[in-house]
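**Q** The primary structure of each chain is shown beneath.
Protein chains: 2
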Amino acid sequence: MSRWQPNARERLEQAAMELYGERGFEQTTVAAIAERAGLTERTFFRHYADKREVLFSGSVALQDLFTGALAGAPDTAAPIDAMAAALDTVGEFFRDRRPYALRRQAVVTSNPNLRERELIKLASLSAALAAALHDRGVREPAASLVAEAGIAVFKIAFERWLDDPDERELTYFVRESLVELRAATAAG
Amino acid sequence: MSRWQPNARERLEQAAMELYGERGFEQTTVAAIAERAGLTERTFFRHYADKREVLFSGSVALQDLFTGALAGAPDTAAPIDAMAAALDTVGEFFRDRRPYALRRQAVVTSNPNLRERELIKLASLSAALAAALHDRGVREPAASLVAEAGIAVFKIAFERWLDDPDERELTYFVRESLVELRAATAAG
Numbered sequence: 159m160s161r162w163q164p165n166a167r168e169r170l171e172q173a174a175m176e177l178y179g180e181r182g183f184e185q186t187t188v189a190a191i192a193e194r195a196g197l198t199e200r201t202f203f204r205h206y207a208d209k210r211e212v213l214f215s216g217s218v219a220l221q222d223l224f225t226g227a228l229a230g231a232p233d234t235a236a237p238i239d240a241m242a243a244a245l246d247t248v249g250e251f252f253r254d255r256r257p258y259a260l261r262r263q264a265v266v267t268s269n270p271n272l273r274e275r276e277l278i279k280l281a282s283l284s285a286a287l288a289a290a291l292h293d294r295g296v297r298e299p300a301a302s303l304v305a306e307a308g309i310a311v312f313k314i315a316f317e318r319w320l321d322d323p324d325e326r327e328l329t330y331f332v333r334e335s336l337v338e339l340r341a342a343t344a345a346g
Numbered sequence: 159m160s161r162w163q164p165n166a167r168e169r170l171e172q173a174a175m176e177l178y179g180e181r182g183f184e185q186t187t188v189a190a191i192a193e194r195a196g197l198t199e200r201t202f203f204r205h206y207a208d209k210r211e212v213l214f215s216g217s218v219a220l221q222d223l224f225t226g227a228l229a230g231a232p233d234t235a236a237p238i239d240a241m242a243a244a245l246d247t248v249g250e251f252f253r254d255r256r257p258y259a260l261r262r263q264a265v266v267t268s269n270p271n272l273r274e275r276e277l278i279k280l281a282s283l284s285a286a287l288a289a290a291l292h293d294r295g296v297r298e299p300a301a302s303l304v305a306e307a308g309i310a311v312f313k314i315a316f317e318r319w320l321d322d323p324d325e326r327e328l329t330y331f332v333r334e335s336l337v338e339l340r341a342a343t344a345a346g
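For the record, the sequence lines run as chains A and B. First residue of the first sequence: 159, per our numbering; consecutive thereafter. First residue of the second sequence: 159, per our numbering; consecutive thereafter.
Please note that a few of the clues may not be correct.
Any copy will do: because identical chains look the same in the list, a pair fits if it lies in one copy or spans two.
Computed list of lysine-lysine pairs in DSS-like fashion (alpha-carbon distance at most 30 Å, straight line) [what the hints assert, rightly or not]:
1. Lys279 / Lys209
2. Lys313 / Lys279
3. Lys313 / Lys209
To be clear, the hints were calculated from the coordinates, so they are not data collected in a lab. Quick caveat, the model's predicted, so the values are computed rather than measured.
So that you can see chain A by itself, here it is in the shape it has in the complex:
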């Protein structure tokens, strides 16, 4: 069937994001998403488990990219330098995705259940980063601390990126936040 439905997944995502913005997440049904996309509900459920997954399916790709970049840093790189390289890679990934990220953020922040889901995804990502640092030979508690620091930098930089009226790139903000974190922990 799928050759008759080119880009079904993308069309469903586009339709879902439009409807979440127009009607709100709670008020949008899978039936309405499928109809807007010109597809069937059955096709929707071949691509997504539920309407929430449309917003969170990208987190697997983000986690793979982030942990892969950590693993790919030079063996000689200190943990924080491997994390800095991985944050740069993640920043590049979002280069052309600001419009989508803004729309997604508006949906997620307007719904407590979606905000909780976002926290859970970040906690999973942090655990995956700590595991990738273990694989690099970093021991505890340093691995978990550097993983949490990386998540903090990513989260805070991401918010600043979306709020920036000058639309500077995410990479600018992850570097800014990492420099600020290092300065703050070095001071005193």
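Could you slot chain B onto chain A? The hints should help.
**A** This is chain B only, laid out in the frame that chain A set:
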């Protein structure tokens, strides 16, 4: 009525923790908690909104203690030093609470909804710490980054404290994690 029910809140908490340990959180009803405590359901609901709140009512006290300690650090203290002082205060708070914390952790980690609630409470705590740092004149993104660093140190130290066969104090582990975080971010 309350003069006939001395320590009702403590008796309810004790009964709840016993039952959560014996039967599991899901299988425990408010009626069973009240019965075990020798009190009525009505008395339970005067003290707790639901059976989940028994596990999380302490988070308000923790947040007040943590933010108060940050606010009370000398004006001249660097943000990270104010955070270090606050973490010491929090460590002291848990000095005699390891048995309770171990029982609570066993309940929370065994239930996905409770683990999510714990993440939400930590996110709220982080926001409160960032606000306390703003009040100290710390700007963004440093305030949010130091708040997240403090939460990371607290969370990781807390887990290490509960896992420690030598039963060293929480203060030992918060200092250890803070030193490790500072060393990791200074390196490279």
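**Q** If a hint holds in the structure, say so; if it does not, say that too.
**A** Against the structure, the hints:
Taking CA atoms no more than 30 Å apart as the test, Lys279 paired with Lys209 passes in both settings, with 16 Å inside one copy and 26 Å between copies. Taking identical chains as interchangeable, the C-alpha atoms of Lys313 and Lys279 lie at most 30 Å apart whether they share a chain (12 Å) or sit on different chains (17 Å). For a Cα distance limit of 30 Å, the shortest separation of Lys313 from Lys209 inside one copy, 24 Å, qualifies, whereas the shortest one across copies, 32 Å, does not.
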